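K.L.:
Going by this note's numbering, the sequence shown opens with residue 544, and the numbers climb by one from there.
There may be inaccurate statements among the hints.
Computed Cβ-Cβ distance ranges for the label pairs, DEER-style [unchecked claim]:
no.	residue 1	residue 2	range
1	576	712	43 to 49 Å
2	626	732	28 to 34 Å
3	647	714	22 to 28 Å
4	696	611	31 to 37 Å
5	752	583	41 to 47 Å
6	674	718	37 to 43 Å
7	645	682	34 to 40 Å
8	607	577	45 to 51 Å
9	734	712	43 to 49 Å
For the record, the hints were derived by calculation from the structure and aren't laboratory data. Bear in mind the structure is a predicted one, so any value in this text is a computation, not a measurement. Here a beta-carbon is modelled for each residue, glycine too, at the ideal position from N, C-alpha and C.
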Amino acid sequence: LHAVACVLDTPVRHLAAAVSAPGEAPDPDQVRLRAARRLPAYMVPERLLVLRDLPLTANGKLDRAAVRRALTEAAGDDGPRVSAPVGPVEAVVAAQWADLLGVPGVGRESSFFLLGGDSLVATRMIGRLRAAGFPGARVADLFAHPVLRHFCETLHPRAAADADPAPAATPVLVPDPDHAHEPFPLTDVQAAYSTGRDPRFTLGGVGTWHYTEFDG
């Protein structure tokens, strides 16, 4: 089996491949199934074109331009289409992808990596999603399901009951000048300073230490 893949923009950006094999023509579905078992999801072609022979140049080398033309013509009107995100989860993810990847629009069938994403951008995107209320978002799920609608199926918005509790109210400080000179509990830092003044401890007997290095 011989194959060559390329990214097409017709009618939407997607991965396509042309394949040929001696003898009986391969079944496109079987080829994609075999590829899915061996490759990450984002490397599995969405479309396959079976050719009797892969086109060659006059020098006997693979004619990639001819392959691209054949794949583009085969895509025609029945290629992958972009449909608008469905529901709030897909809308949030699509907006994050569009912002981070600098693309004008993201549809349900858009692939994160075909849009230009990489592992670094994926990490940033996952961080944004967690901050936006999807604490279970994982980079591993994005690599396994790079198409937006499939990735969104792995996300579960945090329920209101699971939201972070409201911060405690700041205590109000009330002046009490009549008891200004009475003893009061030490803070942790004050207790540490007091302990450090005890000469029974190693390096004790002082309030604080100051350390400076000089290069000779």
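K.L.:
Compare the structure with each hint and give your call.
P.N.:
Hints, verified against the model:
The given range of 43 to 49 Å is broken by residue 576 and residue 712, whose C-beta atoms sit roughly 59 Å from each other. In this structure the supplied range 28 to 34 Å is violated for residue 626 paired with residue 732, their Cβ-Cβ distance being about 59 Å. Separation of residue 647 from residue 714 is about 50 Å and departs from the stated range, judged on CB atoms against 22 to 28 Å. In this structure the hint that residue 696 and residue 611 lie 31 to 37 Å apart at CB holds, the actual value being about 32 Å.
For the pair residue 752 and residue 583, the supplied restraint of 41 to 47 Å is violated, since their beta-carbon distance comes to about 54 Å. Checking the proposed 37 to 43 Å range against residue 674 and residue 718 shows it holds: the Cβ atoms sit about 40 Å from each other. Checking the proposed 34 to 40 Å range against residue 645 and residue 682 shows it is violated: the Cβ atoms sit about 20 Å from each other. One distance hint, 45 to 51 Å for the beta-carbon pair residue 607 and residue 577, is violated here, with the actual separation near 23 Å.
Checked against the given bound of 43 to 49 Å, the beta carbons of residue 734 and residue 712, roughly 26 Å apart, lie outside it.
Hints 1, 2, 3, 5, 7, 8 and 9 from the list above are not met by this structure, while the remaining hints are.
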